[in-house]
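**Student:** Chain by chain, the residues:
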Amino acid sequence: MTKNLRVKTGKAIDETYRISFKFNGSTYYGFKGDTLASALLANDIHLVGRSFKYHRPRGIMTAGSEEPNAIVQLHDNSSRTEPNVRATEVEIYEGLEASSQNCWPSVNFDVGGINNFLSPLLPAGFYYKTFMWPASFWEKYEYFIRKSAGLGKSPTKPDPDIYEHKYIHCDVLVIGAGISGIMAAKIAAKNNLKTLLVDEKPNLGGSTIYQNSDHFKINNQNSGSWVEKEINEIKKLENLEIKTRTTVVAYHGYNFLLARQNLTDHLPIEQRKNKTRHRLLKIRAKKVITATGSIERPMIFDNNDRPGILLSSAIKKYADYFGIACGEKNILFTNNDSAYETAISLIEKGINIEAIIDNREEINSKLIYEVEKNNIKIFKGYTIIDTSGYKRINKISIMQLSKDGQKVVGSKINLSCDCLGISGGWTPAVHLFTQSGGKLRFREEDQVFIPNTYPSDQLSIGACNGNLTLDEILRTTPESLIKFLNVKSSDYDNLEVLSEANKFKRNIWLLPSNKVLGKTKSFVDYQNDATSKDIKLALREGFRSIEHVKRYTTTGMGTDQGKLGNMHALGIISETTGTKMGELGTTTFRPPYTPLTFGTIVGRNVGEYFDVIRKTPLHDWHIDNNAEFENVGQWKRAWYYPRNTEDMHQAVQRESKAARASAGILDASTLGKIDIQGTDASEFLNRVYTNAWSKLAIGKCKYGLMLNEDGMVYDDGVTTRLGENHYIMTTTTGGAANVMSKLEDYLQTEWPELDVYLTSVTDHYATISVCGSNSKKIISKIITDVDFSDESFPHMSFKNVKIGKISCRIMRISFTGELSYEINVQANYGKSVWEKCMEAGKEFNITPYGTETMHLLRAEKGFIIVGQDTDATMTPIDLQMDWIVSKKKYDFIGKRSLYRSDTIREDRKQLVGLLTDNPDEVLEEGAQIVGDIKKSPIEMLGHVTSSYFSPNLRKSIALGVVKGGKNMMGQKLTIPMEKKNINVTVSDPVFLDKENKKLNA
Amino acid sequence: MFIINCPFCGEREQSEFKAGGEAHIIRPKQPTELSDDQWAEYLFMRKNIKGIQFERWNHAHGCRKWFNLVRDTSNDEIKAVYKMGEKPPIK
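If you read the sequences in order, they're chains A and B.
Note that numbering that gives the first Met the number 0 gives residue 953 to position 954 of the first sequence, counting from 1, and the numbers run on in steps of one.
Note that numbering that gives the first Met the number 0 gives residue 9 to position 10 of the second sequence, counting from 1, and the numbers run on in steps of one.
Hints were generated in silico from the structure; no laboratory data involved.
Remember, predicted model here, so these are calculated numbers, not experimental data.
Pairs of lysine-lysine, DSS-like flavour, derived with a Cα cap of 25 Å:
1) A/997 to A/798
2) A/741 to B/17
3) B/46 to A/741
4) A/798 to A/776
5) B/28 to A/887
6) A/694 to B/28
So, partial list: chain B residues that the calculated Cβ filter (under 8 Å) puts toward chain A:
7) 2
8) 30
9) 31
10) 64
11) 65
12) 74
13) 75
Covered stretches of chain B, going by a simulated chain A footprint (3 or more residues, C-beta under 8 Å):
14) 35 to 45
15) 54 to 62
Yeah, the Cβ is synthetic: ideal placement off N, Cα and C, and Gly gets one too.
Using the sequences plus the hints, can you model the full thing?
**Tutor:** The following block contains the structure:
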């Protein structure tokens, strides 16, 4: 066991509830209320991790979500392990196991530490500069870079926890439950506004809740007690919902915000079972009040990153709130009055302070007098120039600052210490405000960016609005809230405020040193090891924009997103280039404010809930009959029906043969179906299809091709005229929704004068296609009162029929080239009609076939599949389908584009058939087609779009698109594959039954 | 994420809508009379404005009606919403 630095009961700590936890394999104890960071500090552990690039030992720096250094890996279980967790935000629980990251073999002895000594060789942009040459070596470099990069380890198994999403609508959202947020929530809720107050911490009250100094009073009580009473009061308000452990991570336009509510991470592991871990709140608020406070700035001096160096405010919080001394020989280093608040807290708890180093020469405030009364040495007008101590700070060196603050003068004084608190003033937390689109302005007097113009109905209050002292907050906040919410409130009238800090600050972005800059390591971004030297180097190399400097030096690009050091980076750039801070601007603050797990982002949308699954009315039958399924868009379609030990190829060959030799049956229910009615329905079809529709007789069907306005094929399908003003259109499975949208678009916007009504009826009908030479016999068995002769029921015609008592539409249309009938029946009768077909077809060996066989059969006939044989660059002419483009029609969608200079080019890619020299060789779909294989560079002529072994032709067949292919019939081309070149001959795309004899067999 | 005031349904979340590009581009009545350049102007040329932009939107997961919307692309403020065929209420 190490030392116990618990000095006094902290406000947050329940000393009757002891919790054991493991850190790097050893067991430690803390109390309920501790964070991992506070519990480690209580055990005198500062060294928590190693830095990213130089592997320098690093410790806990802060007490909040801005922590750059103390990031740990939680658990070693392969499904629940979590990297990059801030130790300052983990509430300890029984069973907690944490370990250091980015070190090997251990945080105490890290081989990567060698980088620290190699650092002169690792300047900013090192990787960009070094691994550029030779280019062919990149793959090898990448392997090693990837191995050494990254902070923690990701889980390797699926996340077993439960996450969910929730929508919240409220009148007022208040972000941050510090003193300002609490006042805002009270005023809003008491005025009948439905209010939501969220805070990332487990408790309310922000930094005021543990403020018990006599120098900060409201109505004659110390501010901590005052705010506690306020909290007790708002908890009773009816219109107010309070959510703690809830971080607003993103603030989008129109007051839409995302927040992560952490529900179980603080519970003992055995209490988490079956509970939702995180909830992503999707909040739409009429008004948003941002009260996110401010973050203390570090200071930039040589070796400012050692374990034992903390923000001064963090030392205060650990003392006041957790009852912990961060060290036994403390030194504070400051440029403002905040460090004296820390000093007073430490004095009150009997924690030793060795000295205070203050940049300012002339200072006076009651806080300082009080500290001086306690005989603490204050070095006024001094700065730290260096620190020492490898795994824990043990000494600082200080020198006097020159009058202009540009250099150090006099002689060096060494002071020993084991903990250093630094305070460079405060930075308003404007992250969410800028995410929402708000614009900042720079306030020269104290060098801070504060909100200027609001893009939505929102208000920033308190420290995040630049009101950095208690009296400023209480003086201005109630009034601005009343105005913003447009309400009445006298709750905060006539507050008596005592606030004894002086606002004066001596801001020096990069503190001078007695060494030249090249010899110092003064960290600006702790996590990414970006130093002031790196920033100056980037400027010397010509980078000017803050966004470019950020990317080159990686300043602000870690998991903490530069919450501590970004302002210093800006300051150093501003000073070096002579550009004003206000003109320089800030880098973009992007969501999330603090990292989210993927689980939180996806919520319940995992596994089968990832996307909608659409099933046909015959789905159960397919399952019962051993079908394998294929995803087509959101649909599950029967792919093939393997029997016994058949693989896909064997099953498809059997199905394809049977479908032609006797009879096959296909579930085509997924085809899009649009019911079109109205007196102008025929005219409408004339305009949307390439061919003419006016003369189509009632009861007849026609194949149509639909183009985009650019002349490219968009969709195809058969449309049937059911009545004078009534059609049913079929579309491709994948195109159904888009075709519907496109047709509605034209009807509503271009041709509102047309009397046409569209209804999507895709899901209303089951579509059963029976094909093959025996199909007529089968259909006649179940529909006995219809004349199926060619005269009465020819190809491309339709009849309303009854199967038993069930009304059906039956079309004689074919996508296989065989005689075939398509039965459309109300969806819930689908299965019984299908079963009747199966029963009637038994004697003809009726064979159910899936999408793979359907694709093969249509390829034998050279029928295209839109989206497989076409992409958005194929015209009907390119597809050798000139026959379907009406020359007579004055206009249709895409017509004019068919004779643009580009679309009439002879050397466009055109659809052709491809036959391999070796009839057993099946081409790969997507393979490139070339002409002269010896020519360099080889010219790509096109690619294979569909390829199968045809069991009916007993040879390999393929469709492809080839430049100028139409005029290349019989020509030899080559398809170079990894191991060999395959020779093919260009052919007609119709391979089987060119005369269409089978349709009328 | 915007809130869009559908002229037929009222205020709804942006996720119910589909954007449909620039508004007030009228399909030529006699495309065959146009030169390649004139047709290309209709077919391909679209503005990409920083500032006030007139757009088509469709309430795809609602009433499925198309309508027009005026948006300031620099801050996503929606200035006006109006039905197809109506004149823009602002310039």
